[in-house]
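Whole structure, please, built from the sequences with the hints as guidance.
Here's the letter readout for the chains.
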Amino acid sequence: MNLAIETNELSKRYRRVTALSDCSIAVPEGRICALVGPNGAGKTTLLRMLAGLLKPTAGTASVLGGVPRQDPAFLGGVGFLAQEIPLYRGLTAEDHIRAGAHLNRRWDAASARTRLASLSVPLDRAVGKLSGGQRAQVALALTLAKQPRVLLLDEPVAALDPLARRHFLGTLTAAVADAGGELTVVLSSHLIVDLERVSDHLILLSKSRVQLCGDADDLLAEHKMLVGPRKDTSVLERTHTVVHAVRTPRQARLLIRLNGPVIDPAYEIEDISLEDLVLGYMGADAPEAYAHLTAVGEDQ
Amino acid sequence: MIAFRVDGRSGVPPYLQLVQQVRQALRMGVLKIGDQLPTVREVVAAVAVNPNTVLKAYRDLEREGLIEARAGQGTFVRQLPPGPPPGTHSRLGRSLARWVGEARAAGLDDEAIASLLQVTLRAANEANPFSSEEIA
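Protein chains in written order, with numbering that gives the first Met the number 0: chain Y, 0 to 299; chain W, 0 to 135.
A few of these clues could be false.
What the hints assert, rightly or not - Chain Y stretches covered by chain W per the calculated footprint, using a threshold of three residues with CB under 8 Å from any CB of chain W: (1) 189 to 196; (2) 243 to 251.
Said to hold, decoys possible - From chain Y, some residues computed to sit far from chain W (all C-beta separations above 10 Å): (3) V16; (4) S23; (5) K54; (6) T56; (7) A60; (8) S61; (9) L74; (10) P85; (11) L102; (12) T170; (13) M224; (14) R229.
Read the hints as simulated data drawn from the structure, not as lab findings. Ideal Cβ placement from N, Cα and C applies to all residues, glycine included.
In structure tokens:
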């Protein structure tokens, strides 16, 4: 299994603030990796370091076997789409496609045109006059025209309506299918339900640290929700790790990381969703609170 | 051609939803032997799921013997799942729809209809315990 991305104790400190601390992750080639965590957890910092836009304070990173840096040899293989979707609003999609041909060593203009035409995105209208969804599609088509082998996307769908999001993610997954295992994607988002559909790998950041990194199905299988009477959990905790607990005077819901079978018959054992997992590690009290935040788009 | 959908909130893993939809389409006669299934790319572009999800679903169906991948051509229906011939479901569905209409007219709500169906199924299983095995 080849790793497309690997970091070892990667850290980024600003004068007083630690943006990312001892971050060690591994993403195998061909994966779509969800990057999740609360605002300020270090997601953008990590992506920008992987893209070579930001120098780490300590630790090492390797992307496609090379150290991320501002150098055509490295950047040729890496596509990065920033949160603010940087396009020239007065220029058309066709202008962007032509400019890209001059600025990149490898450039598949035909695929960008085909992709946008299949989505009925006009190539001859100023990008500033397109809808948010169409602009995001233009930016994605341009990033894919580079034929990158690693694609880093920083909350590309946060501002889009549900249909535009679906189309954007459809374009993304189709590009991954086209690449036949040679395109690796890291996608940060707060929209867990979207991520659950498209991703097969997970990095969870919280408080500037990596809480989880691994195959999404494996991580979900390793965690269970125990529902039962409120009682002393010290016996349980001898074997398993209690990640998060919600206790009422009578009942307890425990998110645990398994380390063997649960033998206490007092508990009902439930499978968890990606959302349960993320919320558990983020320490949220109630899923409703988080759902509300994502519904209004907390970054906007 | 089958049009897939994936419900992110259903609790059923997405790959299993795809498997069930193919089986359902075969039973209903929407898909016939020799029909081509959409490519992985077509499915992921339409429903925005991970390509591995579709590959896993197709692998499961291939292991069941229902579909086959032909090199360079695509994926095709090889045989129908065991059970009554296609069309049986839609015929029974139509007569059930008539019955539901009658039940509604008689004042039964959905919950009452569902519990009546369950009671009837249970009674039928007790009368003939082997037939339920075949259906399941």
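For each hint, the structure was consulted:
no.: 1; hint: 189 to 196; in the structure: holds (count 4)
no.: 2; hint: 243 to 251; in the structure: violated (count 0)
no.: 3; hint: V16; in the structure: holds, 35 Å
no.: 4; hint: S23; in the structure: holds, 24 Å
no.: 5; hint: K54; in the structure: holds, 33 Å
no.: 6; hint: T56; in the structure: holds, 34 Å
no.: 7; hint: A60; in the structure: holds, 25 Å
no.: 8; hint: S61; in the structure: holds, 24 Å
no.: 9; hint: L74; in the structure: holds, 26 Å
no.: 10; hint: P85; in the structure: holds, 24 Å
no.: 11; hint: L102; in the structure: holds, 28 Å
no.: 12; hint: T170; in the structure: violated, 7 Å
no.: 13; hint: M224; in the structure: holds, 13 Å
no.: 14; hint: R229; in the structure: holds, 26 Å
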